Every structure is written in structure tokens, then in C-alpha cells.
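Given next are the chains, with one letter for each unit.
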Amino acid sequence: MAEIILRDIEKYFGAVYVIRKLNLTIKHREFVVLLGPSGCGKTTTLRAVAGLEDVDSGDILIDGKPVQQLEAGDRDIAFVFQLFALYPHLTAYENIAFPLRATSESKASVEAKVRAVAKSLQIEHLLGKRPSALAGGDMQRVAIGRALVRRPKAMLMDEPMGALDAKLREEMRTELKRLHLENESTTVYVTHDQVEAMSLADRIAIMNEGVLQQVGTPDDVYHRPANLFVAQFVGSPVMNIAAANVKADGSRSLLALGKGAAPFEFPKSLIRHLSDAKANDLTVGIRPEGVLVSQTETAGYVPVTAHLIEPLGAYDIVDLKVGAQLVRARTASGYVSKVGARVWARLDPAQTHFFDTRTTDSLRIRLVDGAH
Amino acid sequence: MAVVTSSRKKAFNRVAIVSILLITLIFLSPLYWIGTTAFKPRSLATTVPPTVLFQPEITPFIKLLTKRVQLTKAYDPAIYAASPWYEQRIYDGGERILRVGPNIQLSQYPNRFMNSLIIAIISTIIAVSMGTITAYGFSRFKMAGEADLLFFVLSTRMLPPIVVAIPMYLMYRVVGLNDTHIGLIILYTAFNLSFSVWLMKGFMDEIPKEYEEAALVDGYTRLQAFFKIVLPEAVTGIAATAVFCFITAWNEYAFALMMTNRRAQTAPPFIPSQIGSGLTDWTVIASGTFLFLLPVAIFTFALRKHLLRGVTFGAIRK
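Chains as they are written, first to last, in this note's numbering: chain A, 1 to 372; chain B, 373 to 690.
Rather than coming from a laboratory, the hints here were simulated on the basis of the structure. In this text, all values refer to a predicted model and were calculated from it rather than measured experimentally. A few of these clues could be false.
As the list claims (entries may be wrong) - Sample of chain B residues with no beta-carbon within 10 Å of chain A, all distances over it, derived:
1. R468
2. P482
3. M486
4. H553
5. I554
6. E582
7. Y583
8. V589
9. D590
10. G591
11. Y592
12. Q596
13. I601
14. P644
What the hints assert, rightly or not - Result set (BS3-like, lysine-lysine): computed pairs, CA atoms no more than 25 Å apart in a straight line:
15. B:K677 / A:K113
16. A:K177 / A:K167
17. A:K247 / A:K27
18. A:K129 / B:K600
19. B:K600 / B:K581
20. B:K514 / A:K107
21. A:K167 / A:K107
22. B:K600 / B:K514
23. B:K677 / A:K129
24. A:K278 / A:K259
25. A:K153 / A:K247
26. A:K177 / A:K119
27. A:K129 / A:K153
28. A:K153 / B:K677
29. A:K259 / A:K321
30. A:K129 / A:K113
31. B:K600 / B:K677
32. B:K514 / A:K129
Glycine is no exception: its CB is placed at the ideal position from the N, C-alpha and C atoms.
Please construct the entire structure, taking both the sequences and the accompanying hints into account.
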């Protein structure tokens, strides 16, 4: 079991700068998810840790020792590939036993270890089958078995659920979580699926275009996104983002989304956090659940029209027209009865995020609803 | 599959099937001629129209494999009765099998056949193994001028062999490779190598590199990964490539004719050399050709499973 430290990692593919000065520490027994859109460098980072890719500069340390000079096989890590990479000419049993065959383990010991892993994955009945005879989920269980059987220092997983259908993915998520709790192996997991990241990770590291954007617990990245990219990448439906300006008005601040739109009320403290320049050139972000909707005129609420309603079963997503801007709100299902209806809306100050338009960084302003 | 319903389509299908059968028959007729003539008595070999129904015999094969002399003495029933069955067949035709002491003298055919086998098998093994390793390198590692190198490999196939045959002949004579097994093996290997590299490159590209990477992470060396993972995965491709290389080497005529005459002569130039020395016994030629067809047929049949998968590789893989 191990601690993995990435220090100033840089990697080029020809002229393309794919990993830019990446620093990340994965603690002992931690489950860290590298999250980002495709092509953001997350898989390359993982492969660099595994030793399948060389880095151009920087250090990779496993348990304090630099490993760049070590072959993949000498790093004592296991890798689960997106397409499982099960050897088609070997049975499930032989696939799981394969890593053990590289060492001079006795036959009995190999058998015992394979059986133990198969038991914990509940695939004992499948051991005699070839990968082609296995269903997607079982193929993945075998692949995980192959990774676990050696009891490596760390498990690296490259979108291991990318090839599974949605229902199976949910099932495997639970199973992976259970396995991680049982085995307590340090795990680095790459995915572009933020739901997977949120549900599995102890910490999430979000990458974009080779740059690490934010590292934090799922709660952190969801509730305190470091910049606009993280704010929009994490969470579904996507966070509303709009240009805004704020001005003082007596005991409150008024925040308008674009010119001419009716302004939303915010606590007085907001304007105090903002310089004049920022107050006029601000980007706000608010998740649909932070947009409060009322069917009746309510103090502090602004009149808006419902533009589009997406009924999603447990709740509805309603597109509200605020001036020229569309703001998506999450309401109880059926709360807004029809498109074109006039309703009243308010942005919950506690759930509103403020970003610097130019740098896209969060201004780290946290408001408490009702405080002045 | 769509279900054929319209009667016009049905009629069209029938016509198509009949035409295909006819064309197939035409294509198969030389094979039929070889196959039947190889078992015909000599008197029926050249009848017009060809005899379809006859008592098959293996006399042509006995003639093919043995040295014979014309009978000089009159037919002697005592000698006939004392001879083993195969000599009786020859005796019937007015010939005797040549013996030195008690040993039957074999014709040159078995020797030429063995030459063909040795040269084709060894050159196939070399061409396929070198091609496999080269293709693996091209497939897995980035290198400068990869496309140019591959094109260069292919370019060795662009000249028709006959163009290089004369310079090759002269060079071979100088270095003493003329009429040697090794000479033909080198020639056929060189000839097949480009084909083998290109074919195997396609198969190698189809094998996901994750297989090896998984093995590398699990503590295997690249060489171990190659033998334990890549080779078993490439078996289909290797089989297909081997069949094609073997057929090319086995059937090659022009170089063999020019480069060999005795020691290392293969069957293709030998068989026609038997035509035209006096009265041609077509049954012997046919039996020689018939035997010559067998190894390729057997080899291809033995590998048919891999071949079928091999030629449809890309289509069914994913």
C-alpha cells in the first residue's frame, strides 16, 4: 500500500503540451479520481504513473522513491484498462493467475490466491470460461481480479466502466466502492463521468487541457468550485453561468443578469466583497437547485416566464427567461404547469458562486442567505 | 437478411446459381483432368472425347516413382508370377522396374518433391517469423521514416521476378548458390518477406496494445509479453501468412527453372521437363501434378479455421 506523489510532471506528445506542471499527492489508501474531458491529459498522467508512458520532466514517487527509471513491471502497481485487456486465448482463471505466473509462485499458492480473489468478486463459477463467453460486467470483474490478485501497492484504473451500459455501471460502482473499503488499496481512477467521480472518490482531481484545475473532496468541488471550468464540469444539470453586474441599493445589493433584466436581491455584504471593477464585470454561477421558484408573487422574487420544461421524474428542470438570459431551475415535478407560465424566481445567495470574468477563477465569496 | 419474396428475384437467383455452377465447372475442369488422368490406364489418357468411366488404377504413380527399362525379352509368365503386385503392373505395360541388386531404383520425382517440400517449408518458416517480428516492430514502436521504410519493403515486390532472374542467376553462380537448397530458400524468403511483413503488420495492428501493456505492468518483460500474449493472439494472422507464403514458394517456377537443374531442383520445373522426351506418358505427368497439388491442399485444409478467421479478421474482430 502506497503513497503516490507527482511533482511538476510535464509531458509533450510532439509539439502538444499534454501535461502541464502537474502536482498531486495521492495518500496512502486514498481513492483519487482524475476527472476531466477527453484529451485533458488524465489518462496520460495515469499511464505515466504506471510506467507505460515516459514523462519529459518532473518526478513520480511511489512510497517516497522516484520510479521514472523503473520498468512498469517493477513499480508494483496494477492497471485496469478501459477495454479490460483480458487475454482472449486464456480462461478467466488463467487471466487472473497471469500476473502471478511472472513470479515463481507455487501452483498451490497461485490457485489459493486466484480462488480467494474470485470469491471476493463472486466470479468463482466463471473461472473456466474464456473472456469471449463473459458478459461485460463479468469481464470487468475478471479484469479487477487480475489487478487485485498480486496485492499491488496501488491500483490504477483507466475508465474501467467506459464500456459498460448505464445500469451495469451503477452496479459496478457500488461493487468497486465495497472492494476499495475491503482492500484499502491506494487507487487512482480516471473517468470523464462526473457522477462516477462524485460517488467513488475520496478526492477528485479535475484536469483540463493538461492543467490541474482543482483537487478536493466531492463536496469541495461541487460546493466550492475553484473556477468556471470546475463549476460547469461537475454537476448535472450543468450550473447556470451568466455575466452580471452588482450595485448597492440601500440595505441590499442588486444583481442583474445582463442589461435591462429585473435585478435579483442579494445581501448588502455582496457589494462589500467586490471592487468597483469586479462589480461591473462579474460572472455568476448557480446550480439549478439554487434557483428558487414560487408560483405566487413573493417578496424578494423577480417575475420570470417559463420557457421550457423538462420533466425528469423525481424533479423538473425549468428554463426560466430572465431578460435575455435563460436560467435553469430545479423544481418539484409538475410545479410549473406549462410553458409560458409566469412565475417568480430568486437566486439563493448561499448557493451563488462568483467568478472573475477574466481569469475565470472563483472570487471565493460565500454569502449566507439573509445576512446583511 | 432480407427475405426474398418477389418471383422475379427468385428467378434471377436461380439463373445466378446455375451460372455460378457452370463457371465453377469450367474452372474445375483442368483439376478434373489432372485428377482423373492420374488414375487412368495409359491407353485412355488422350482419348477424344475424354473417357469418363474407367477402372481407376495406380500404375501411373508406380511409373512416376520408379526408374524403368523397356523389356528386351519376351513376356515370361513365370517372371510375372514371381513379381510383387506393383512390378506386375509395370510388366504388363512392357517395362521392368530398374533394380541395382535387390534395390528398386526410384525416379527423380521423390527427390524433386522432397526438394520442393524442404525449400518451401524452410523459406516459409523464415519469412513468416522474420515478417512477424518486423511487423511487430513497425506496429508497436514509433520510428523515423516508418511509412517510407514500409513502402521500401513493399517495393521489393514491384518488379516481376523474371526481371531480376538473370542478374540473380549471375550473382548466384559467382557465390556458388546455384542449384543449392539454401540458394532457393534465400530467394523465396526474400521474395515472401515483404508480403509477410505487410500482412502481419495488419494483424499486429489489430491486437490491442493494452494486452502487452497489461502484461508489462504485471511484471513481464516485453519479450515475454511478445511470446506469451502477442504470438498466441497473432496465430490466425501467422497461419494466413504462412499459407500464402507456402503457396508462393511451392508453386514458384521461373527462378527454380533458372537457378536449379539437379541437386536442388523443385517439382515445378521438373514435371514439365518430363514432357517431350520421346512419347509422353500423360498419365505419369498427371500423377506427378496430382501429388504436387496435395501438400498445399492439406496445408490449407489443416489451417482452414484460422484462414477463415484470418481473411475476415478486421470484419469480425470488434
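We went through each hint and held it up to the structure:
1. R468: holds (57 Å)
2. P482: holds (39 Å)
3. M486: holds (35 Å)
4. H553: holds (35 Å)
5. I554: holds (35 Å)
6. E582: violated (4 Å)
7. Y583: Y583 of chain B not clear of chain A: closest Cβ-Cβ about 5 Å, inside 10 Å.
8. V589: violated (4 Å)
9. D590: violated (4 Å)
10. G591: The claim breaks: G591 of chain B does not keep its Cβ more than 10 Å from every Cβ of chain A (closest is about 4 Å).
11. Y592: At roughly 5 Å from the nearest Cβ of chain A, Y592 of chain B sits no farther out than 10 Å, so the non-interface label is violated.
12. Q596: At about 8 Å from chain A, Q596 of chain B fails to clear the 10 Å cut-off, so the statement is violated.
13. I601: About 6 Å separates I601 of chain B from the closest Cβ of chain A, which leaves it inside 10 Å; violated.
14. P644: Correct as stated: the minimum Cβ-Cβ distance to chain A is 45 Å, above 10 Å.
15. B:K677 / A:K113: At roughly 36 Å apart (the allowed maximum being 25 Å), K113 of chain A and K677 of chain B break the hint.
16. A:K177 / A:K167: Status holds; Cα separation ~16 Å.
17. A:K247 / A:K27: violated (45 Å)
18. A:K129 / B:K600: Holds - the C-alpha atoms of K600 of chain B and K129 of chain A are around 19 Å apart, at most 25 Å.
19. B:K600 / B:K581: holds (14 Å)
20. B:K514 / A:K107: violated (39 Å)
21. A:K167 / A:K107: Violated, at roughly 38 Å.
22. B:K600 / B:K514: holds (23 Å)
23. B:K677 / A:K129: holds (21 Å)
24. A:K278 / A:K259: holds (16 Å)
25. A:K153 / A:K247: violated (55 Å)
26. A:K177 / A:K119: Distance of about 17 Å is within 25 Å: holds.
27. A:K129 / A:K153: violated (29 Å)
28. A:K153 / B:K677: violated (43 Å)
29. A:K259 / A:K321: Satisfied, since the Cα-Cα distance of roughly 14 Å is no more than 25 Å.
30. A:K129 / A:K113: Holds. K129 of chain A to K113 of chain A sits at ~18 Å (cutoff 25 Å).
31. B:K600 / B:K677: Given that 25 Å is the threshold and the Cα spacing comes to 21 Å, the pair holds.
32. B:K514 / A:K129: Not satisfied, since the Cα-Cα distance of roughly 36 Å exceeds 25 Å.
Going through the hint list in order, the structure does not satisfy hints 6, 7, 8, 9, 10, 11, 12, 13, 15, 17, 20, 21, 25, 27, 28 and 32.
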